[in-house]
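Residue 17 is where the sequence shown starts when you use this note's numbering, and the numbers rise one by one after that.
Hint data in this document are derived by calculation from the structure and do not stem from the laboratory.
Be careful, since some hints might not be right.
Unchecked claim - Straight-line alpha carbon distances no greater than 27 Å define the calculated DSS-like cross-link-like pairs of lysine-lysine that follow:
1. K336 to K403
2. K433 to K403
3. K227 to K161
4. K224 to K145
5. K161 to K145
6. K576 to K415
7. K224 to K161
8. K530 to K502
9. K161 to K117
10. K336 to K415
11. K336 to K145
12. K415 to K403
13. K433 to K502
14. K530 to K415
15. K336 to K530
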Amino acid sequence: MSLDDDLIGDIGDEQDRRGFLALLGGGVAAAGVGGWFLTRDKARGAASEEGDAGPPQRGGHLIFAFDGAAVSKFALDPHNSGFAPHNRIIRAVFDNLTVLKDDGSIGPWLAERWEVSDDGRSYVFHLRKGVTFHDGSAFDAAALKANFDRLGNPENALYSRTDIGSYAGSRVIDSHSLEYRLSEPFAPLLRNLTMTKLAIVSPAAVAKYGKTVGLNPVGTGPFRFDGLTPATEVRLSRNAEYDWAPTTAGRSGPAWLDTLTFRNVPEEATRVAVLESGQAGGADLVPPQNISYFQGNPDFRVRRRELLETNYSLTFNTSKAPWNDEDVRRAVRQGIDVDGIVKIVYLGTFQRAWSSLCPSMFASAETELRNSWRYDPVAAGRALDAKGWRVGPDGVRVKDGRRLTISFLDSQGNREKRLDVVELVRRQLARIGVELAVDSIPSGSLLSRVQSNQYDMIGGASFHADPDMLRHAYDPLSRTAAAGNKVQDDAIIAWVRAAAQESDLAVRADYYRKVQHRIVDRAYAIPIYILPYNLVVASHVHGVVLDAHGFPDFYNGWIKA
17 MSLDDDLIGD IGDEQDRRGF LALLGGGVAA AGVGGWFLTR DKARGAASEE GDAGPPQRGG
77 HLIFAFDGAA VSKFALDPHN SGFAPHNRII RAVFDNLTVL KDDGSIGPWL AERWEVSDDG
137 RSYVFHLRKG VTFHDGSAFD AAALKANFDR LGNPENALYS RTDIGSYAGS RVIDSHSLEY
197 RLSEPFAPLL RNLTMTKLAI VSPAAVAKYG KTVGLNPVGT GPFRFDGLTP ATEVRLSRNA
257 EYDWAPTTAG RSGPAWLDTL TFRNVPEEAT RVAVLESGQA GGADLVPPQN ISYFQGNPDF
317 RVRRRELLET NYSLTFNTSK APWNDEDVRR AVRQGIDVDG IVKIVYLGTF QRAWSSLCPS
377 MFASAETELR NSWRYDPVAA GRALDAKGWR VGPDGVRVKD GRRLTISFLD SQGNREKRLD
437 VVELVRRQLA RIGVELAVDS IPSGSLLSRV QSNQYDMIGG ASFHADPDML RHAYDPLSRT
497 AAAGNKVQDD AIIAWVRAAA QESDLAVRAD YYRKVQHRIV DRAYAIPIYI LPYNLVVASH
557 VHGVVLDAHG FPDFYNGWIK A
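Make the full structure from the sequences, and use the hints.
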């Protein structure tokens, strides 16, 4: 299907179409972006793209432009940060016990090795020696126990508590050995321990700063925190003592860069401008209409990789009528042309999604669910008629005096062009008599709105290393207080809980595939796109890669003088 009037016809009349293309930053023909979608095996091809850059040079200052405006007292606290952009910074400041390799296997990092008991309820971690936090305190078994105890307390770990399983305490065996105990097996543990959400923080810093440790982060990573200017930038400098990089880094020793600054540039066009002007040496989430330009410009290099996460989806609030009726949910889904929306908004740089899990995630059912439903606004209208929702005089359907309106709750703005997606959804649904209104609120107000149930639909994605993320979304006992998913499905709950305890990978995968199929069958959520996270660096910036999770890794980054 091409980007012609047939494809974009559902967004309104000719004036509306032209206006929406202008909103995207230019016409499709002017953008000239060819389609690409990154496979995992090409993700770390930095060396081949750079040619003979010579040996790395120590020194230099890198400014990285990103959208990191949402700053709270928890911003850079790994255990309490659910905002993906901040995890780019957290990766540079903190280390983990284990590391995720490109082939999906788990390797050692701060834990040199480990043993797992036959019943899966005990893990003994043997730790690297000589590791110190940026504040000079030692990383040892006591520090690790303090981290696990913090993670095990829901009052201290808002976003990460359920990622460590049914924590039953830990025991220091000696200075560098610790036993981690669970009340029941938890198969995702080692994979989850690779995530920035479970990075190791300094217990001394937690004791000193309390709940504001997120504004005073102290880890063991290759860069130490130097300070921040709220809503402007976060400043880091090289940790001269660093000598415990994971084997995936290919070397040991301190980072090459002297300093690394994350500059908050929320507007996409401005990020492009600061790159072109040399005010920043790198930037992420460059808009689709600019990717082709940077790919063809020898002064820049594009890095891209599929982010391990749930695909961005629109989720119904199934605790409210009429969204507790799966026939109504299916009808609304049939009225949305996801293929057309993704092609218009992302200009061929993203693929549309069919499942909740991204294709690179273990146990993803993306391929199995392809073409599992189709866009059919005529059939959608008939289905809504059959449920008693009749088109009113203003074009909006009405039943028993109630208008068929969707209140879409948004708290993150147009990151990844999500509001552009929702705008097209709004226009398409209007054609079948469904009214969608965007209710934009500050991120700090999300919790109260979700808890008071004042919304009909919410959009989002969640980065994670394991399909256990489905338990976070669909098991009421594992959801965070701000989770917008209200689905109560006994079969899904049983499957995600069983999968979390299952050590056999094939059996685990089968459980997760059943969950993904049921989400589509019951139309609990509408998957929209698969995110190929991108960053662009200037040609004199070398060694910045995307790790196996899809986040930028600056440890080997260096600047050629």
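Where does the structure disagree with the numbered hints, that is, which hint numbers, in rising order? When the structure is compared with the hints, numbers 2, 6, 11, 14 turn out to be violated.
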